[in-house]
Structures are given as C-alpha cells and as structure tokens.
Amino acid sequence: MPRTDTPGISAHLALAGVRFAYRRAGQPPHVVLDGADMTVPRGAFALLTGPSGAGKSTLLRLFCRLEEPDEGRVTLAGRSVDELPPALLRRRVCYLQQTPTVVPGSVRENLLLPFTFKSAAGQPPPDNAELARRLDQLAAGDIPLDQEAATLSVGQRQRLCLARALLTRPEVLLLDEPVSALDADSARAVMDAAESFCLDDGGTVLLVSHAEFRPARVAPLPFHLSQGILAWTPAS
Amino acid sequence: MDAGVIDIPTWRLALALVFSLVAGGCSIALKLGLGRDILIGTVRTFVQLFLMGWVLGIVFAIDSPWLVLPVFLLMAAAAAQTARARVKESAVAFAWPMYLGMTAVYLLVTTTVTGAIVHAQPWWKPQYFLPIGGMILGNSMNSVAVALDRLFSDMRARAAAVEMKLCLGADPAEASADIVRDAVRAGMIPSINSMMAVGLVSLPGMMTGQILGGSDPTQAIRYQIVVMLMIVGATALGSTLLTLIIRRRCFGPGDRPLLR
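For the record, the sequence lines run as chains C and W. Following the working numbering, the numbering of the first sequence begins with 6 at its first residue and continues without gaps. Following the working numbering, the numbering of the second sequence begins with 98 at its first residue and continues without gaps.
Bear in mind the hints are in silico, worked out from the structure with no lab data behind them. Glycine included, each C-beta is placed from N, C-alpha and C at the ideal position.
Part of the chain C face toward chain W, derived, beta carbon under 7 angstroms:
1) Arg70
2) Leu71
3) Pro91
4) Ala92
5) Arg95
6) Arg96
7) Tyr100
8) Thr106
9) Pro119
10) Phe122
11) Ser124
In isolation and in its complexed conformation, chain C is listed as follows:
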C-alpha cells in the first residue's frame, strides 16, 4: 500500500481520512475518495494525476468548499476549512476552473471583478500598470485592457483568468487542468506563471493534470488518484 501523505512536514493544505461519494437517486453512491490523506507543505508545487472521472477536480474543490466531504477533515494551515468564512477562505485558496469563465465587459472589468466584492474591502484595486504587468507575465500583454473579454480565444481567456486570480494575491492556487485546451505557447505561459507563483511569491500550488506533465523549474510533489485511492508517488 503506497503512502498517502508526505511525512514529517507541516501542512499548508491537508486532507485527513476524507471520504467523498457522489449520490444520485436510485443509484449506489459513487465513491471518489475513500479515506484520503494528503499533506502539501507551504510553497510546494503538488501535482495530482489520475484517470478521467477519478475525482481529481472533486479533491481540489474540497479545499475551497465547493464540495463537502462525507467524512474526514480538510484543513488550511492547520485550521479546518469550515471554520473560515467561505468568501475569506476563497480569497486565500483560489480555485481556477478548468473552463475559463469571463463576465460580460472588458478585459479590465474582468481583471478588477474580485475587487468589487465585499471580501476585498481594504484591498486597493490594481492600477492599469499592474494589470498590464500581470498580463505581460502571462504572455498576454498584447491584449488591450479595453477589449471585450467575450471576444478572446480560449487560451487568452485562460490567461486572463489566471491573471485575475493572481491579482487577488491568494496563498494557494488550485489549478484544474489549466492547460488541457491550450496551444503550446499559451500552455507554457500558464505553467510559467504557476511556477513563478510558487518559486517567487512563496505560494502553494495544487495542480490537476490528466496527461503526463512535468513543471520545468520546480520539483513537483506527485500524487495519484484512482478508484477512490489517493497515493503519494515520489518515485514516479
């Protein structure tokens, strides 16, 4: 039986004995996590792999309370995630959806969206120079801030969404197959930004990848999820 946690380190993100099943009327529960343990230290780049439908996205969503476990404990820096107000938890632990979602309006309006919410009170919105710098970091500096976000390609939208998430300065980025629908250039830009978040800003990354994927500049902490069993796979 492989280990399911990384021993001897204090956790930034952790699961302890987590069980989660999807339930549909008239059908037996579909168990996707069966007593899962996981420890991800602060500043680590964790990589979660596994077959389609294994529950990788569900695992990410547990950390920002978009799903609730049937059993077990989900923690952020030692505190159970359900002890934190949901909006403040999600400012600290930012989940980036697999399909990039934008609201009607310009690129600028989309980037500033998180700063219109009450949870951003006291956090000054970034100026145009900061917005441009973030886009540039994601090789999207050529996108005018006044362009309608709905007119962007999928790759540009994904970079816009990641830039928007980074502008809120979260502690943790949960990335759900962020490059699966992207061309090679967009994919590289997104991965570079995720690695920089980890290396330069000290943030923690938990990235789900369906395909075989390796970050270029950080040594990932590898996990594998299959048939309800979450395993730490340092040798792979």
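Got chain C sorted already, so can you dock chain W onto it with the hints?
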C-alpha cells in the same frame, strides 16, 4: 346599483358553452390534443366560480373579519400552490417560503388598498377585501412563478459564472446579483406592459364589471387605476422578496451552489 344589470338565465348561460365547443372543434380539426383540457377547464370554470359565488354570499352575509381572513389565506395558499406547480425545480425546497412570502406581501398590499386608498369601512369589508385581494393574488402569482422559474433556470445555465465569482471571494448575493436582477425583471415586465395597453387595447375586468353593473365609467376608471398600480406594486414586491429569499436557498453549507 345593479339596476342596469341584465340577468343571465341558466339556459342562456348554457348557450355560452358554444364557445367551448368552438375551442374543442379547433382542437379536433387541427389535432391539437387539447380536447380533454378544454373539457376539464370548462367544468372547473363552472364549478369553481359557482362555489366561489356561494362562499362569497355566505361571507358577505356573516360580515366578520374572522371569516374574511381565513378565506384570504386559503386563496393565498391556492395561488402559492399554483405558482409552485409551474416552477419545475426539485433541488431547492421553496414551498413554505413561497407561501409565507406571498401571503405576507399580498396581505400588506390588499390592506393598504382597502384601508388607505378605497377607505372601506371597516378595512376588511369582504365586498372590497376579497375581490381586490383576489385580483392581486391572481396577477402576482404569475409574476412570482415567472421570476422563480427564471431564477432557477439561470442559476443552472450560469452556474460556471456563479462559481467563478464565489472562487474570487464573492458571497452568494454578489455571485448571483445579475441572475436575481434578470429574474425580478422577468417577473415584473408583464404587469408593466399591461399598464401600457390598458384602456387602449383592453378594458380590464374590474372596470368592465363595474360598467356592466351600472357604475359611472369615470368612477370605474378610478378603481381600475388603483387596481393596475396595486398589481404593479404587488408584483414588484412579491417578485423581489421571494426571489431574494429563495435565492439564498440555492446555496448550501459553505455557500456552495446547489444548482449546477
């Protein structure tokens, strides 16, 4: 007052069935499959209205608030049940908030109209309170059903955007503000549109009834104006209040969206 009313004897009332037969004929000719509904609808029209006429006769004769209010509450329950049945959503429990919200809003509006505008003495005078309350309920239950149907369908259709905003630190109200706005607007538009057409396209029911009953048309229009405005007010209040209350029920523990 009813000196100008021409009685409709039973045989001539039965003659009105010819219109149901026309509707049934259209259904048969065009294979619309509505024959059964037309038949049931016709029977229900006769039964329900005769029953209501009988009940109102008793209520008017007894003339007690302890009878008027229960009748009003029953009418509100029937309106809430009708609106509930039109909204196809099973993942969110909303029957009780819907009934309580509709009853509270329409009791408030009806009381305001009979007490402050019409100046009925007393304010619960059944000849005023029940017909006016009935008009408010009948018109507003449609707006509530439209608003809630739109709320639920948009919460599902725009689930990715709701989730995205939650992930960026929005609370449920912020994440669904545009959906709530669209739902309330959809609920209010029909009553606003009817204000545009009234008097030009249609002579509404209450005014028509008063004119047929021999009232001065200039007095009848005053009542009709009050009715139109109270319906718009009740529609706005009902749609807004119920959409806001029931929106909260679309989110579970941890502000997790339940409709996806």
